[in-house]
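Q: Here are the chains, one letter per residue:
There are 2 protein chains.
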Amino acid sequence: MSPIYLKEDEVNNLITVSEAINILENATIARSEGKIWNQPRYRLPIRNGNYNFMSASWPEKNIVGHKSYTAGKNGASFHNMLYGCEGEGLLAIIESNRLGQIRTGAASGLASKFLSRKSSSTLGVIGTGYQSETQIEAICSVREISKIKIFSRNKEKRELFKQKMTKILGDRIIISNSLDEVSDGIDILVTITNSVNPVVTSEMILEGLHINAAGNNSWMKSEIDIEAFNRFNIIVTDDIDQSKIECGELIRAVERGYFSWDKVIQLDSVISGSVQGRKSNRDITLFESQGIALEDLAVSEFVYKRAIQNNIGLQI
Amino acid sequence: MSPIYLKEDEVNNLITVSEAINILENATIARSEGKIWNQPRYRLPIRNGNYNFMSASWPEKNIVGHKSYTAGKNGASFHNMLYGCEGEGLLAIIESNRLGQIRTGAASGLASKFLSRKSSSTLGVIGTGYQSETQIEAICSVREISKIKIFSRNKEKRELFKQKMTKILGDRIIISNSLDEVSDGIDILVTITNSVNPVVTSEMILEGLHINAAGNNSWMKSEIDIEAFNRFNIIVTDDIDQSKIECGELIRAVERGYFSWDKVIQLDSVISGSVQGRKSNRDITLFESQGIALEDLAVSEFVYKRAIQNNIGLQI
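Chains A and B, in that order, are what the protein sequence lines are.
Using this note's numbering, count along the first sequence one by one with no gaps and you end on 316.
Using this note's numbering, count along the second sequence one by one with no gaps and you end on 1316.
Since the hints were made in silico from the structure, they are not lab data.
A portion of the hints provided could be inaccurate.
[Said to hold, decoys possible] Here are the simulated lysine-lysine pairs, DSSO-like style, with alpha carbons at most 30 Å apart:
1. B:Lys-1155 with B:Lys-1073
2. B:Lys-1305 with A:Lys-7
3. B:Lys-1035 with A:Lys-221
What you are looking at is a predicted structure, and each value in this text was computed from that prediction instead of being measured.
Construct the entire structure; sequences and hints are all you get.
A: Now the structure itself:
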């Protein structure tokens, strides 16, 4: 069979955020069983940016593949390629801007399902870009969230974001006018910015909070102030090897002696139950999301199978 | 502009072996000037085989990209993906079985141009598979080769290969019936087998010989007997980092103390002239060809540009 090519609008109709959370949960359990090989992202220089590549293999599901993209000041466009493991060769090329947004949201949803307090009802979000939408959707699908406080530096962007998200999630969105305001009285916090300087300080973190730090995948960037690392009862990351390359705030905190890498727990250990995530309602938990290849592989496989079932995509 | 998809038969009409040699020469010089980033191949496990990935970036030419493929007992199929460096995103997806055959031949052609004696007229070839064809074509395009001696274990395959190559290169192909016979009185030797056990022994190597060892890109495999490493005046490889991962015979020879990695010269140093390759007609020279990403990138760029000029390829 010849491979198929899937375009953004086709992909968007083939998977929901809540489906993606289940898919990532299954993939993460498979990883904890040693059934998935995940290769950290690497980057090669281009002009004013990077070429990015990350791959994973899941032989039990008969799939292997990668995501590749160039990213720089002129934007980014993402493609996932999916292969069979039995000599089938290339199965699909998938435009993956939307798919990346969905899987990144789903990763925070999954982490929140296992790390946040079950009674969590108020969510704070710092950053109102493209990626924030699926973060909120995903967390709302794992917890009964009645109030969503949003903040970003640009007042106009906050307003537009509120309008957009109110259409999707109803009348639960509240604009905050400062970092102090957005972090007050929340159970879960999402930071999804490109900030080079920390936006989350120790003072903003109350007992019981779960934080998803999802904006940071460059060692240059940092969303959480280094002093805050004294506050966390557990630090979880999607992939330790990749964090050592690109998670700026963990790299800096380790270098400065706040903790060592053996104290950082990989998400699959929490989800499989080999490591207990939250031990009490007073624990403060952190999930550092870089975005990893096995997430791309798992959602790509789902999208590919559904496309084939429904005869969607261009045969090439 | 939307990306194009190029199929095998289209690619075959867009580039010749001798064009590929010039392209690789230019790319190799660019590498010696620090203008190309080349990432060694890595492999992830699939069932009964591997998923393979290798990438390179050449910002000066505004291109970056990769080759990916699954390979195992059910065969392999290759794709190159090409991106712009200025936010153009994906430019082309290129089916690359033929292109890989051409670039691998061209690499041996290029190495032979710089390492073999100028007067070389007799070529010996061990291995008569798919990859041998372009090896011979490439060497014939850099040296005045009047006699091509071929050997492989399977007699029928040797006969068929002779018939096929005679059609392309005329009446210059001679079948040898043993390793001793094929190595007798030759100026250049190509080994392009999947052999786990060495096919080239020290006794087969005469003064003045240049060898292209092009069959070996797994640390499990070895085409040259370890004792022969005492004979070489220079050992050249397409990429030292990649050789340390996958060049079985170099890895073993270094481990056993025949030489150390700092004695292995990267091809771009020879081609740029920073290291002298052959110093006399009596020197014995070795080129270890793994096949590297910058070769794929360079020929892909050429094929892509020519396809666009001629309006070839499927717009996706």
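Q: Check whether the Cα positions of Lys-1035 (chain B) and Lys-221 (chain A) lie no farther apart than 30 Å.
A: With Cα atoms ~27 Å apart, Lys-1035 (chain B) and Lys-221 (chain A) stay inside 30 Å; holds.
Q: Under the criterion that the straight-line Cα-Cα distance not exceed 30 Å, is the pair Lys-1305 (chain B), Lys-7 (chain A) satisfied?
A: holds (24 Å)
Q: Check the hint pairing Lys-1155 (chain B) with Lys-1073 (chain B) against an upper bound of 30 Å on the C-alpha distance.
A: holds (23 Å)
Going down the numbered hints, you'll see the structure goes against none, and every one checks out.
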